[in-house]
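Visitor: Sequence:
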Amino acid sequence: MDEQEVWGRFKAGSEDDFSLLYRHFAPIMLRYGNRITPDKELIRDCLQQVFFSLWKSRESIGSPANVQHYLLKSIRNEIIKRGNRAKQHESLPDNYHFELEDSHEQTLIQLQTAELTRQRISELLSQLPARQREVIFLKYYANLKYEEIAAIMDIGQDSVYKTTYKAIARLQQLLHNSALLLLALFF
Numbered sequence: 027m028d029e030q031e032v033w034g035r036f037k038a039g040s041e042d043d044f045s046l047l048y049r050h051f052a053p054i055m056l057r058y059g060n061r062i063t064p065d066k067e068l069i070r071d072c073l074q075q076v077f078f079s080l081w082k083s084r085e086s087i088g089s090p091a092n093v094q095h096y097l098l099k100s101i102r103n104e105i106i107k108r109g110n111r112a113k114q115h116e117s118l119p120d121n122y123h124f125e126l127e128d129s130h131e132q133t134l135i136q137l138q139t140a141e142l143t144r145q146r147i148s149e150l151l152s153q154l155p156a157r158q159r160e161v162i163f164l165k166y167y168a169n170l171k172y173e174e175i176a177a178i179m180d181i182g183q184d185s186v187y188k189t190t191y192k193a194i195a196r197l198q199q200l201l202h203n204s205a206l207l208l209l210a211l212f213f
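Per our numbering: the sequence shown = residues 27 to 213.
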């Protein structure tokens with residue numbers, strides 16, 4: 027799918043291309059939303075609002091360089107906006123809820139060996155701060171570039187580099203410590 031061509035036809039009023047955008051990007055947007063908040067109803071409402079707003083303002087919005095980046099940022103902003111209705115809009119604190127667990131469906135599909143590996147990785151990731159987990163998700167699960175992650179999270183690109191480096195260094199340290207523990211148990 028050529029995102030720019032589909033986006034252009036959507037802006038021109040093509041309902042088929044609007045549906046194509048929804049079918050293509052809604053699953054990753056839902057997964058990303060699930061990482062930010064456990065409130066599934068809020069996520070679905072935000073997803074619908076993002077696409078409703080897109081359709082409503084299709085003639086006046088620009089053409090983003092990366093449609094996935096634009097839509098992930100849109101749903102993140104909508105979740106934050108709705109999550110903070112009672113108080114004024116703030117950026118997310120460092121200790122906000124951000125899960126990096128794989129979905130139940132994916133777990134059932136994996137082979138037993140892959141399942142054990144994933145459980146171990148999830149265990150290690152859960153020991154990271156929320157912001158580091160979010161960066162890891164956007165970089166390695168959503169396959170975004172550093173500058174796209176910076177724009178989505180409203181932080182500098184240098185901060186994304188540093189946060190990614192710290193997350194990977196911490197994961198290596200945790201992995202090394204658990205390997206040493208296993209060695210100590212068996213020898």
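Check before you lean on any hint, since a few could be wrong.
SDA-like cross-link-like pairs, simulated, lysine to any residue; straight-line CA separation at most 25 angstroms [as the list claims (entries may be wrong)]:
id, residue 1, residue 2
1, Lys171, Tyr191
2, Lys66, Lys37
3, Lys99, Arg146
4, Lys192, Glu173
5, Lys165, Leu200
6, Lys99, Phe78
7, Lys37, Tyr48
Derived from the structure by calculation, the hints contain no laboratory data.
Visitor: Look at each hint and say if it fits the structure.
Guide: Results for each hint:
A C-alpha spacing of about 14 angstroms is found between Lys171 and Tyr191, which places the hinted pair at or below 25 angstroms, so the restraint holds. The straight-line distance between the Cα atoms of Lys66 and Lys37 is roughly 29 angstroms, outside the 25 angstroms bound, and the hint therefore fails. As the CA atoms of Lys99 and Arg146 are separated by approximately 29 angstroms, the hinted pair breaks the 25 angstroms bound. Between Lys192 and Glu173 the CA atoms are separated by roughly 17 angstroms; this keeps the pair inside 25 angstroms, and the hint holds.
Between Lys165 and Leu200 the CA atoms are separated by roughly 20 angstroms; this keeps the pair inside 25 angstroms, and the hint holds. The suggested pairing of Lys99 with Phe78 holds, with an alpha-carbon distance near 15 angstroms, which does not exceed 25 angstroms. For the hint linking Lys37 to Tyr48, the alpha-carbon distance of about 14 angstroms falls within 25 angstroms, and the restraint holds.
Consistency with the previously given hints fails for numbers 2 and 3, ordered from lowest to highest.
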